[in-house]
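**Q** These are the residues of each chain, in order.
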Amino acid sequence: MTTVFASAFGDAIDYIFHQRESVAGTVQIGGLGEIGHFVATHLELSFAALAVAMLVSIPIGLVLGHLGKAQFLAISVSNVGRAVPAIALIAFFIAFFGVGFSNVCLALILLGIPPILTNTYVGVRGVNRTALDSARAMGMSDWQIIRGVELPLAMPTIWTGVRISLVSIVATATIAPYASVNTLGLPIINEQIYGDPGRLGACIVIALLTLGLDGLFVLLERVVIPRGVRVARRSSRSDRSVFRRPSILARSPETT
Amino acid sequence: MIALTGLITVFAQNGLQQETFNADKCPGNNGICVGWILDHFGNYTTPLMQHIVLSVVPLMAGFVIATALAIFAHRLRFLQGPLLVFVTILFTIPSIAAFLILIPLIGFGTTTAFVALTAYTLVLIYRNVISGLGGVPRSTVEAAQGMGLSDNQILWRVELPLALPTILAGVRIAASSTVGIAGFAFFAGAGGLGRSINESFSFRGNVVAAGLLMVLLAAVLELIVLAIQRVLTPWERATR
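Protein chains in written order, with the numbering used here: chain A, 1 to 256; chain B, 1001 to 1240.
These aren't lab readings, by the way, just hints derived from the structure by calculation. Fair warning: there could be bad hints in the mix.
Derived Cβ-Cβ restraints for the label pairs, each shown as a range [as the list claims (entries may be wrong)]: (1) F72(A) x R1230(B): 46 to 56 angstroms; (2) M140(A) x G1189(B): 54 to 64 angstroms; (3) S134(A) x S1150(B): 42 to 52 angstroms; (4) A48(A) x T1140(B): 22 to 32 angstroms; (5) F17(A) x I1089(B): 23 to 33 angstroms; (6) S141(A) x P1161(B): 41 to 51 angstroms; (7) V224(A) x R1075(B): 33 to 43 angstroms; (8) R1230(B) x R136(A): 38 to 48 angstroms; (9) Q71(A) x P1161(B): 44 to 54 angstroms; (10) F47(A) x G1081(B): 46 to 56 angstroms.
To spell it out: a stretch of chain A is covered by chain B in this simulated footprint if at least three of its residues, at any positions, have a beta carbon under 8 angstroms from a beta carbon of chain B; those stretches are [to be verified]: (11) 170-177; (12) 209-215.
Note that CB positions come from ideal geometry on N, CA and C, so glycine has one too.
So here's chain B without its partners, still in its complex pose:
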C-alpha cells in the first residue's frame, strides 16, 4: 500500500515536471499568457530567491572589499592607477568564462558564483569611492585638520560621509549589473532565474516571466540603494 502511494507520488511528480514547461497548455500555442505565468508562478519563487541571494551577497562583499581597496589607495596614491587597471581587467573577463574557469579551482556551486560576481562589482564601486573621496573639497579637509582631527577621524567623519552619494551611485550601478550577470550563474551551478530561462529558451511565457522578474529585481535593488542613500545623507535633502 505504502509502495503504491509512493509510486503514485513519484508518478504525479513526473507528470508535474513534464507539465511545467509544456507550451501547449498556453492558449494560442506559445504565446505570452498571464494565466500560465500566474498558474506556474511557484516554479519561479525558488529561482527568484536564489537570484536575490546571488545579487545581494556579492554586492555587500564587493562593497566592503572595493571600499577597503579604495581607502587604502586613497592613502597610498601611487596604488590608485594599478588597482584600477586590475579591477578593470577583472571586469573585462566574460562572466560565463569566469564561472567555468573557477569551477576546477573552487568547485561547482554557489560559492563559485559569489566569488565571480563579487569580482565584477569591484570596478564599479572602487571607481566611485575613489572619485567621491577625491571630490571632497580641499578646504573642508583643511578645516578639519585645523580643528585638530586626526587622519582617521577626517576619513570617517568628513571624507566618507561627503563621498557617500557618489559611493552609493556606484553601488546602484553595481546592483543592476550584478542582477544581469547573475543570470549566467547557473553555469557555475548556482541556479537563479537564468536557469529558468535556460530550461526553455523557446517558450515565450517562460522567457517573459523569468526575464521580467530579473528586470524587476534590478529595479527594486536600485530603489533600495536609493532609499538607503536618502536615509544616510539627510543633509543632501536639506541643502536642496
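For reference, chain A alone in the conformation it holds in the complex:
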C-alpha cells in the first residue's frame, strides 16, 4: 500500500520536474518547461474570465444594491448558478458554440458571475443605514455614496465572492482542453499520451496552484479592503471569534 502510494506519487513528481517520453514513445512530455506552458495558459484563461466576471457583476451588484431593487434576481442568480453543474456548462458551450479560447472563457465568465453579483448585492445591502444617512446629510450624490461609502464598506463581502469565483474558475479551467485550450487539464484528459504519472503530476500542480491563488487573494484583502474598514470589522466582531475572517462562502447562512 505505502510502496504503491510512494511510487505513484514519486513518478508523478518526477514527471513535473523532468522531461520524458510519452506512453507511446513518440513525443517528449513533462518537465518544468511544459508544465510552465500549461500553468501560463491556465492562469491566462482563469484571470481573463475572472476579470470580465468582476467587471460585469460588481457594477450591476452595486447599482442594484444601492437602489434596493431586484433583490430576488440578485439572490436567486447564485442559487441557480449553484444548480448548474460546471461540466454541463462547459459542455453546453462546446456543443453549441464550438471550441476555442473565447468560448470556454465565456463559459467560465458565466460560472464566475453569480457569487460576485450576489455577494456585492448582499454586501451593499448590509451597509450600516446610519452611515448612509450621514453621507446623505453631508450632501453626497448617489454616485459619491456608491463610490465612497457603499463600495468600501461592502468590499470584504465582495472580495469573498471574488475568491469563490476564482476557486471555481481555476478548478473548472481544468476541463478546458475539451475545447482545445491546453491548460493543466491536458495531461488529465489525454491519459493515453501522458499516462498515470502525467495525470497525477498535473493534479498535484492544479491543487497547489488553486490553494496558492486562494492564499494570494486572502493576502490581497490587505490591498483591496481599506484600512479603516478592516479595523472597524476587527473590533466589531471580536465577540464572535469564528467569523472574524469572512468564511469562503459569505452568503449569510440564514437566507440561502
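Could you slot chain B onto chain A? The hints should help.
**A** Coordinates of chain B only, in the frame set by chain A:
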C-alpha cells in the same frame, strides 16, 4: 446454432453502441431533439441512478460528520476556528485533482468518489451548524439551565432543534453543490451523468439531456431537504 445466435447478439450490441451517440440520427443534424432524447432515455437511467447515489450518500455522510465536528467545536470553542480553516481548505482543492490524487490511495471506483464528495460537503454544513448553534438566544439556554436540564439535554432538546432551519439550509446548499461536483466523479471511475457528457462533448442532444437531468436532480434534492425541514420544524410554520 448457439454460436451463431451469440454472434448475432454481439453484433447487435455493437451496432447499438455505435448508434447510441450517433448525431446523424437526430433531424437537422446535431440539433437538440426531444425525439432523440426520448428514444435514448434508457441510456441515461443508469448514469442517473449512479448520480443519485453519488449525491445522496456523501450528503448523508457529510451531514453526520460535519454535525459531529460542529457539536464538538461548540463545546470546545477554541477548535471552531482551526476546524473551519481545515474544512475550507478541503473545499478549495479542485475536485478533479482530488478524485485523481485519491485513486492511488483508495483505488479506482465509487468509494474514492464518496470520500472526496463527502469532504466537499463538510464546510457548507459545518459552517451552518456552528452559526445555527451560535444563534440560539442566550436567554433560552439559561431558561433550560434553570429548569435543571443537563448540557446534553440542552444540546439535543433545545439548541439543535432551534438551529435546525439554519443547519438544513446548509444541507440544501450542499445538496446542489454535490450534484455539480459529482459531475466530475467519472474521473474517479464512479460513472454518473458526467460520464454521459464526457462520452460526447459535441453532440447537443446528449449534452442537453445529461445537463438537464443534473439540474433537475439538484432542484429535486433541494426540494426534498426543504420538505424535511417543514416536517421537522412544525413550530416555524405556527409562528409565521
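**Q** Report the numbers of all earlier hints that the structure fails to satisfy, in ascending order.
**A** Failing hints, ascending: 1, 4, 9, 10.
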